[in-house]
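Chemist: Sequence:
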Amino acid sequence: MQWLNRLVIIGTLVTCAGGTSVVHAQQWGGGDRAALVVMQPVGFERVQRYVESVGYAEAKRSVELYPAVSDLVLEVNFQPGQQVEKGDVLVRLDDRQQQVDLQRARIQLEDAERTLKRLTTSRQQGAIAQSELDVAMTARDLLKVAVREAEVAYEDRQVRAPFDGIVGITDVEAGDRITTQTLITTIDQRQQLYIDFNAPEAAIELLQDGAELVVRPWTSRDTKIAAEIVEIDSRVDITNRTIRVRAAIDNSNDLYRPGMSFRVALAYQGDSYAVVPEAALMWSADGAYVWVAKDGKAQRVNVNIQQRLEGRILVSGELQLGDNLIVEGVQTIRNGQSVREATAEAQL
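When the letters of the sequence shown are read in order and numbered with the working numbering, they come out as residues 36 to 383.
Rather than coming from a laboratory, the hints here were simulated on the basis of the structure.
Here the structure is a predicted model, which means the values were calculated and not measured.
Hints should not be assumed to be uniformly reliable.
Have a look at the derived ranges for each label pair, beta carbon to beta carbon [unchecked claim]:
(1) 157 / 129: 38 to 46 Å
(2) 82 / 281: 26 to 34 Å
(3) 353 / 258: 27 to 35 Å
(4) 257 / 366: 20 to 28 Å
(5) 281 / 305: 18 to 26 Å
(6) 318 / 227: 48 to 56 Å
(7) 319 / 257: 37 to 45 Å
(8) 313 / 263: 35 to 43 Å
(9) 164 / 139: 24 to 32 Å
(10) 269 / 353: 37 to 45 Å
Glycine included, C-beta positions come from ideal geometry on N, C-alpha and C.
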């Protein structure tokens, strides 16, 4: 009887175990169940490119002054840093001989004018031939030229400011003998400065006359200066694929000098890429990827990150505009698994 009781007990345990297996099979079986996910259509944005270029300041007008002739310096009529006006005599060379020559030429011209006037009267009275009057007229005209030559020679001994501006340092002093190769000084008109820089050709569409940008002095990243594009070169440099651009800044407070360097920040739009939320981007040993739903199945798409923006990422890959991008539920799905859009009731 004892062996019979044991047989009944074992049969009962086997039956119970088999019953448990059946229950579990009913709970976890049932084939490929569709995963509930949240999807959104794939959109595209143009990547934002940022380029920092180095620009150099130039005066709106700038000149280096050299004498027209070689001679002795009699006067230096300016101080470095002085504001001068157009026509001011900055340096006077030895012009004593030129003054004498000019005075002589003017006296001779006056005498020729009187002679011509007298002969004109005589010709009207028929007292002289026309040829004699013609000779007098030619002499008068030649003396006019002589006067002008003397004036030019005299003016060449006076170095004048060609425009309003601020003069630089000079090494020339009264008593020096200078030549046409001697730099007297510089003059800069710096109430407005030009910032010259090279921009990438991809940014040409943003570089239009009148367009505004921001520049910063090289020594101060926190200082922002509004600049306006005033000139764009006519061609792109084929070597480095850049174009020369000139922007203008206001310098009425005279804080900046020609030759200073500036940072020029350019922001321009590049190529278009697919936009995905940060939460939708997954990683594996092969790199980044996302999930898309095609014909009710999850499909893995490998992507490359092009740019990170606030809350979203621009990626390149086999994504098309309007593809159903899976943005929630990506942690549990597998390639080829059935997926369906989670309704509000299902999410609750």
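Chemist: None of the hints should be skipped; say for each whether it holds.
Modeler: Each hint tested on the structure:
1. Restraint check, residue 157 to residue 129: a C-beta distance of roughly 44 Å satisfies the suggested window 38 to 46 Å.
2. Our hint of 26 to 34 Å for residue 82 and residue 281 holds, since their Cβ atoms are close to 27 Å apart.
3. A beta carbon spacing of about 46 Å between residue 353 and residue 258 contradicts the range 27 to 35 Å that was offered as a hint.
4. Distance hint for residue 257 and residue 366: a CB-CB separation of about 44 Å, inconsistent with the stated range 20 to 28 Å.
5. One distance hint, 18 to 26 Å for the beta-carbon pair residue 281 and residue 305, holds here, with the actual separation near 24 Å.
6. For residue 318 and residue 227, the Cβ-Cβ distance of about 53 Å falls inside the hinted range of 48 to 56 Å, so the restraint holds.
7. The hint said 37 to 45 Å for the Cβ distance between residue 319 and residue 257, and at roughly 43 Å that hint holds.
8. Remark: the range hint 35 to 43 Å for residue 313 to residue 263 is upheld by a beta-carbon distance near 38 Å.
9. Here the CB-CB span from residue 164 to residue 139 is close to 30 Å, well matched to the stated 24 to 32 Å.
10. Between residue 269 and residue 353 the Cβ separation comes to about 41 Å, which falls inside the hinted range of 37 to 45 Å.
In the structure shown, a violation is registered for the earlier hints numbered 3, 4, in ascending order.
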